[in-house]
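Could you put the whole structure together from the sequences, leaning on the hints where they help?
Residues per chain, in single letters:
8 protein chains.
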Amino acid sequence: MPDVGIVMGSDSDLPVMAEASAILQALGVSAETTIVSAHRTPHRLTEYAANARRRGLKVLVAGAGGAAHLPGMLASHTVLPVVGVPIQTKAFQGLDSLLSIVQMPAGIPVATVAVNGAKNAGLLAARILAASDASLADRLEAYARNLEAEVLEKAARLESLGPEAYLQALSKAVL
Amino acid sequence: MPDVGIVMGSDSDLPVMAEASAILQALGVSAETTIVSAHRTPHRLTEYAANARRRGLKVLVAGAGGAAHLPGMLASHTVLPVVGVPIQTKAFQGLDSLLSIVQMPAGIPVATVAVNGAKNAGLLAARILAASDASLADRLEAYARNLEAEVLEKAARLESLGPEAYLQALSKAVL
Amino acid sequence: MPDVGIVMGSDSDLPVMAEASAILQALGVSAETTIVSAHRTPHRLTEYAANARRRGLKVLVAGAGGAAHLPGMLASHTVLPVVGVPIQTKAFQGLDSLLSIVQMPAGIPVATVAVNGAKNAGLLAARILAASDASLADRLEAYARNLEAEVLEKAARLESLGPEAYLQALSKAVL
Amino acid sequence: MPDVGIVMGSDSDLPVMAEASAILQALGVSAETTIVSAHRTPHRLTEYAANARRRGLKVLVAGAGGAAHLPGMLASHTVLPVVGVPIQTKAFQGLDSLLSIVQMPAGIPVATVAVNGAKNAGLLAARILAASDASLADRLEAYARNLEAEVLEKAARLESLGPEAYLQALSKAVL
Amino acid sequence: MPDVGIVMGSDSDLPVMAEASAILQALGVSAETTIVSAHRTPHRLTEYAANARRRGLKVLVAGAGGAAHLPGMLASHTVLPVVGVPIQTKAFQGLDSLLSIVQMPAGIPVATVAVNGAKNAGLLAARILAASDASLADRLEAYARNLEAEVLEKAARLESLGPEAYLQALSKAVL
Amino acid sequence: MPDVGIVMGSDSDLPVMAEASAILQALGVSAETTIVSAHRTPHRLTEYAANARRRGLKVLVAGAGGAAHLPGMLASHTVLPVVGVPIQTKAFQGLDSLLSIVQMPAGIPVATVAVNGAKNAGLLAARILAASDASLADRLEAYARNLEAEVLEKAARLESLGPEAYLQALSKAVL
Amino acid sequence: MPDVGIVMGSDSDLPVMAEASAILQALGVSAETTIVSAHRTPHRLTEYAANARRRGLKVLVAGAGGAAHLPGMLASHTVLPVVGVPIQTKAFQGLDSLLSIVQMPAGIPVATVAVNGAKNAGLLAARILAASDASLADRLEAYARNLEAEVLEKAARLESLGPEAYLQALSKAVL
Amino acid sequence: MPDVGIVMGSDSDLPVMAEASAILQALGVSAETTIVSAHRTPHRLTEYAANARRRGLKVLVAGAGGAAHLPGMLASHTVLPVVGVPIQTKAFQGLDSLLSIVQMPAGIPVATVAVNGAKNAGLLAARILAASDASLADRLEAYARNLEAEVLEKAARLESLGPEAYLQALSKAVL
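Chains as they are written, first to last, in the numbering used here: chain L, 2 to 176; chain Y, 2 to 176; chain D, 2 to 176; chain E, 2 to 176; chain H, 2 to 176; chain P, 2 to 176; chain S, 2 to 176; chain A, 2 to 176.
These aren't lab readings, by the way, just hints derived from the structure by calculation.
Keep in mind the model is a prediction, meaning the values are calculated, not measured.
Virtual Cβ for every residue (Gly too), placed ideally from N, Cα, C.
Please note that a few of the clues may not be correct.
[Unchecked claim] With a straight-line cut-off of 30 Å between C-alpha atoms, the simulated DSS-like cross-links for lysine-lysine are:
{"hint": "1", "chain 1": "A", "residue 1": "Lys173", "chain 2": "D", "residue 2": "Lys91"}
{"hint": "2", "chain 1": "L", "residue 1": "Lys173", "chain 2": "H", "residue 2": "Lys155"}
{"hint": "3", "chain 1": "E", "residue 1": "Lys155", "chain 2": "S", "residue 2": "Lys91"}
{"hint": "4", "chain 1": "A", "residue 1": "Lys91", "chain 2": "D", "residue 2": "Lys173"}
[Said to hold, decoys possible] Facing chain S, from chain A, some residues (calculated, C-beta under 10 Å):
{"hint": "5", "residue": "Arg54"}
{"hint": "6", "residue": "Pro82"}
{"hint": "7", "residue": "Val103"}
{"hint": "8", "residue": "Pro106"}
{"hint": "9", "residue": "Ala107"}
{"hint": "10", "residue": "Val111"}
{"hint": "11", "residue": "Leu137"}
{"hint": "12", "residue": "Ala150"}
{"hint": "13", "residue": "Leu153"}
{"hint": "14", "residue": "Tyr167"}
In structure tokens, the structure reads:
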């Protein structure tokens with residue numbers, strides 16, 4: 002049984018949510034990915050959440066957009082920590098998704114990340130698991146050191162090239 | 002069995018939602034009022050919505066604030082028309098409630114009214130029932146004529162008194 | 002005489018509003034579609050709304066953008082339920098349309114759906130008619146079961162393929 | 002017949018809108034004040050606007066809140082310039098009123114002022130009339146010089162007292 | 002000397018502001034168009050506004066974006082009516098422009114129109130001039146009747162073709 | 002050493018943040034509470050976060066308002082899960098706090114809860130710890146059942162009294 | 002001649018702006034305080050800004066609310082650094098003031114601080130002067146150390162008392 | 002040692018931030034450009050800011066997007082004036098960046114410019130340095146006169162060509 006359950010309201014959310022599974026895989030955390038729609042499959046939502054702890058899942062990651070009820074409704078059916086990812090939308094760019102997910106009433110929390118922040122949702126799930134898994138915590142510290150090293154390398158290069166030459170190099174890399 | 006089911010996420014919403022039951026009573030429409038919390042009583046939500054049509058209810062009116070999932074989740078469990086009332090909140094004054102209710106995905110509609118617009122939710126429920134009840138439609142037309150008459154009377158008084166005297170009369174009436 | 006009158010402020014709203022007529026047709030509900038501009042044809046608006054009940058219409062669906070006065074003004078001239086569709090706009094992405102439609106004063110309700118939510122407006126009109134038409138209610142329940150089945154099928158496929166392969170399949174389908 | 006027609010959607014708007022009539026009176030411009038509700042008295046709205054030019058009115062000033070349709074609907078029924086005053090609201094502080102008034106479609110303009118800006122609406126009506134009334138334009142220039150003189154006097158006092166003493170004097174004046 | 006002075010903060014605003022001069026020309030109203038930047042040419046702003054009445058201008062139309070100070074600063078230097086056009090911006094889509102123009106303090110009004118609403122600014126200038134020019138008022142009424150006729154024609158065509166065929170015809174017209 | 006570290010930017014945040022320590026205490030979770038200001042004590046921030054894991058803390062809960070940098074900067078110095086509480090503010094009611102906390106860049110997640118949602122922050126910390134503490138998970142399930150029971154009791158009372166009598170009882174209880 | 006000129010659009014802004022003069026006085030920086038209204042005294046604005054450098058002023062601090070044109074217009078007439086303070090407003094809580102001040106076009110910068118952030122405006126003026134005044138820079142470092150010490154003292158007290166006792170002590174201090 | 006340190010959170014901000022270095026170079030002000038990430042290189046941030054004054058830097062310019070903590074955290078570690086540039090973002094177009102930068106608590110100011118306003122950040126840094134460098138102040142005045150001359154030239158051309166011909170010339174220039 003995987004440790005993390007990644008769910009989303011629609012397969013149109015997959016391009017965003019796949020970043021959560023990718024980072025978890027890179028960190029050696031087992032995860033399953035599926036679709037659970039709060040509005041179109043409400044019974045599946047109830048079952049998925051109600052059985053999650055029994056099935057051995059330890060964290061849920063849920064992405065949804067617009068009137069985004071999936072993360073909050075999952076959190077109503079389980080005591081597992083639920084990480085919510087507000088998906089960007091056309092009319093409100095994700096403000097609707099964000100407020101629908103983060104403004105939960107007292108009693109039922111959802112751990113909300115940035116709009117389209119699925120990568121961070123995966124990392125947050127890993128941090129949660131690492132609270133009782135020192136080896137994973139060490140891998141997360143290594144990940145952070147890598148992030149730092151990447152920035153330091155780019156900083157050194159920018160200082161050496163100067164902004165104009167760096168900018169030209171950037172444009173070429175894009176092409 | 003009443004025609005309209007009025008539900009709210011918390012009894013703190015009752016001062017607003019009681020306006021829905023009051024206007025329905027005034028129009029001679031039968032209604033029941035109760036509490037159904039999407040997050041604290043998710044099973045009750047499922048049951049209430051799933052049984053609503055069978056129990057003979059014809060319209061649901063649901064008020065909720067913040068990450069307001071109640072109206073949308075009811076609409077996921079029934080094909081009855083659901084009227085959603087966004088309750089005003091402290092941090093976002095109801096913008097969170099409004100977006101959480103109105104921005105439903107294609108397939109599951111919620112008939113949303115103004116922030117704290119419970120009176121209009123009741124009137125909308127009555128209009129929905131009146132689509133197949135000519136007598137109720139006539140009572141709604143009478144209600145509209147009354148609204149018009151009230152405005153005309155005030156307009157006549159304002160034209161006769163002038164703005165300053167009318168304003169003074171208003172202040173006294175408040176005191 | 003059709004049961005639903007679908008109106009819009011401008012023919013530039015038709016690509017959105019045609020989703021309302023399409024879903025009503027699919028559900029076997031009769032509808033007429035026309036243009037009524039609150040600002041450019043105010044007399045037509047008055048006539049259309051004032052005669053709607055007499056002509057046998059049972060629900061109005063109205064789409065408008067910006068200072069979107071059409072749904073609210075229709076609701077001022079008839080006691081039929083009016084469903085308002087806020088059309089997305091360039092400067093405010095539909096926030097102006099949404100607030101202009103949903104924030105009606107007490108006495109005159111408009112059943113507001115999501116920005117560009119014309120499909121849901123059609124479904125809401127169907128739910129309203131189904132309140133007194135058991136056969137239509139059954140068709141709506143079948144429609145909901147279809148939505149559910151579609152999601153379950155996709156969920157099964159995603160679980161079987163895994164997120165990466167599903168994502169690749171998605172991209173190919175788009176191409 | 003007065004030159005300016007000041008209308009509002011409800012007598013609850015009068016405390017704000019009375020500032021328009023007061024400044025017009027101070028500038029020697031004749032005005033009438035009455036109530037016209039777009040939603041509760043739609044026929045009165047049509048008549049008031051359609052007859053305004055014939056009755057000799059030259060400018061309309063209209064205040065409304067929430068889904069504020071009054072100024073725009075007046076402007077649809079007359080070619081007189083219409084000044085719109087967005088009234089502050091509880092849930093959205095007047096953002097709803099502002100967008101409902103200012104975001105008119107091409108063809109039908111409304112001259113919008115600040116939220117609760119009824120005094121400026123009166124001044125704008127006076128500027129419009131002054132475009133063909135040199136004496137009124139001169140009175141407006143005198144008004145502007147007075148505003149300037151008031152500020153200069155306060156500035157001199159603040160420079161002479163210093164901020165602390167001035168602040169103390171201010172607080173006492175309030176008490 | 003023309004009746005209307007159309008100014009803008011930058012020639013990048015011209016694609017929008019040219020709609021004001023076009024509609025005024027179509028209505029037979031004389032206008033001049035030029036650039037006045039509140040921030041880059043503050044002395045020119047002072048001169049343009051201070052001399053406007055003396056030069057015989059009767060209305061000013063000013064477009065500006067972002068921290069849009071041009072319309073308000075013009076209104077501070079003249080008693081002519083000033084119509085402000087908030088230009089759409091990249092970061093805030095014109096919300097910054099709108100609030101910078103419409104939220105003027107008591108004493109100095111600006112007649113604000115919709116974001117990018119230059120056509121309506123021209124029409125508003127015409128309405129202002131028509132308050133003392135019956136012939137222009139008649140031309141504005143004819144313009145309104147034309148708008149109405151155009152909508153009625155499209156409505157008739159949509160009713161005759163039905164939404165799908167009309168939509169196809171629309172798409173072809175675009176191609 | 003406690004399991005949870007609760008920190009806030011200023012003691013003015015304590016009335017809100019004390020709800021986090023209270024709920025953790027009620028759930029039998031050990032916690033420490035202190036002040037760490039990202040801006041006024043940046044060295045303390047670095048030390049607190051960098052030592053947190055070594056000291057045996059397992060989750061951090063951080064409240065901050067306005068340009069709320071505390072939660073994100075803590076998360077930059079530790080791999081422990083950090084729960085962020087946006088504190089309500091005067092000018093933007095907490096929108097500034099929320100966006101400053103939730104919109105973290107890829108690589109460094111913060112688990113954001115509602116504006117002033119310190120109780121939920123405490124509950125989220127408990128859920129995180131419960132991922133590896135079955136007894137705590139059971140206490141959280143009992144807590145959820147209690148929430149449900151409270152609502153059911155109130156629902157029964159509202160159904161029995163009806164909305165008016167219940168409302169009167171509510172008002173008396175407040176007095 | 003003082004180093005800093007503190008100006009505001011109206012004496013109603015003084016309760017906020019006096020915090021700028023107070024902190025500058027505490028830091029030993031000379032400042033003058035006066036009223037300059039962009040809209041009611043536009044000539045005074047031009048003179049004040051155009052003469053500022055010649056008079057020996059080195060930094061301007063300007064507070065304004067609503068359509069807040071004062072800081073930007075000052076910056077158009079001088080090359081001195083101008084610090085803008087958005088004053089909180091009734092309808093938009095200062096969002097209008099903030100956007101009117103911060104969204105200046107390329108070429109004319111305004112150094113914007115938080116809504117009602119006059120204390121920080123004073124501190125920013127001091128930092129600007131300290132760029133060429135090492136003694137003032139040292140006083141600013143001492144000020145920062147004091148801020149840090151205050152927080153550390155409160156943190157120690159909170160850790161020693163615990164949140165409940167500290168909260169009680171806070172409440173008593175307020176009473 | 003250069004006078005200005007230009008830093009940014011990521012090299013993806015360089016296309017915007019290079020405008021700051023370009024304008025400083027044009028004005029003859031020495032600057033260095035590098036990358037400092039508040040979240041990925043927090044130690045580098047501390048060092049960069051803490052050493053800035055000692056290294057002889059006089060002003061810092063910092064660009065960041067989303068939960069933009071870089072400018073504020075720099076300002077916490079130095080008493081040099083810090084100019085913050087909110088970088089435009091996908092979900093909130095820079096509103097998140099702006100509020101995260103400008104809403105700093107009392108004690109620690111950041112001089113905020115417009116979203117993507119890096120050119121103005123460079124100009125503001127120059128104005129700050131010019132407060133004690135009369136020659137630079139003169140160059141800034143020359144720069145302002147150039148801006149003015151450019152506008153006057155365009156204005157003359159627009160007045161001579163008229164809006165239509167100018168617009169055509171503009172379009173050709175773009176092609």
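Hints versus structure:
The hinted pair formed by A:Lys173 and D:Lys91 meets the criterion: a straight-line CA distance of about 26 Å does not exceed 30 Å. The hinted pair formed by L:Lys173 and H:Lys155 fails the criterion: a straight-line CA distance of about 51 Å is larger than 30 Å. For the suggested pair E:Lys155 and S:Lys91, the alpha carbons sit about 23 Å apart, so the restraint of at most 30 Å is met. At roughly 26 Å between alpha-carbon atoms, A:Lys91 and D:Lys173 fall within 30 Å of each other, so this suggested pair holds.
Checking A:Arg54 against chain S by beta carbon gives a least distance of about 7 Å; that is within 10 Å, so the hint holds. Interface restraint check: A:Pro82 against chain S, minimum CB-CB distance 4 Å, threshold 10 Å, status holds. The beta carbon of A:Val103 is positioned within 10 Å of a beta carbon in chain S (closest approach about 6 Å), and the interface hint is therefore held. Below 10 Å, beta-carbon pairs count as interface contacts, and A:Pro106 has one with chain S at about 8 Å; its hint therefore holds.
The beta carbon of A:Ala107 comes within 5 Å of a beta carbon in chain S, closer than 10 Å, and the hint placing it at the interface holds. Given the 10 Å rule on beta carbons, the hint for A:Val111 holds: about 7 Å separates it from the nearest Cβ of chain S. The closest approach between the C-beta of A:Leu137 and any C-beta of chain S is roughly 9 Å, which is under the 10 Å cut-off, so the hint is satisfied. Interface restraint check for A:Ala150: the shortest CB-CB distance to chain S comes to about 12 Å, outside 10 Å, so the restraint is violated.
For A:Leu153, the interface hint is violated, since its Cβ never comes within 10 Å of a Cβ in chain S; the closest pair sits about 14 Å apart. Interface hint status for A:Tyr167: violated, as the beta-carbon distance to the closest one in chain S is roughly 20 Å, over 10 Å.
Checked against the numbered hints given earlier, this structure breaks hints 2, 12, 13, 14; the rest are met.
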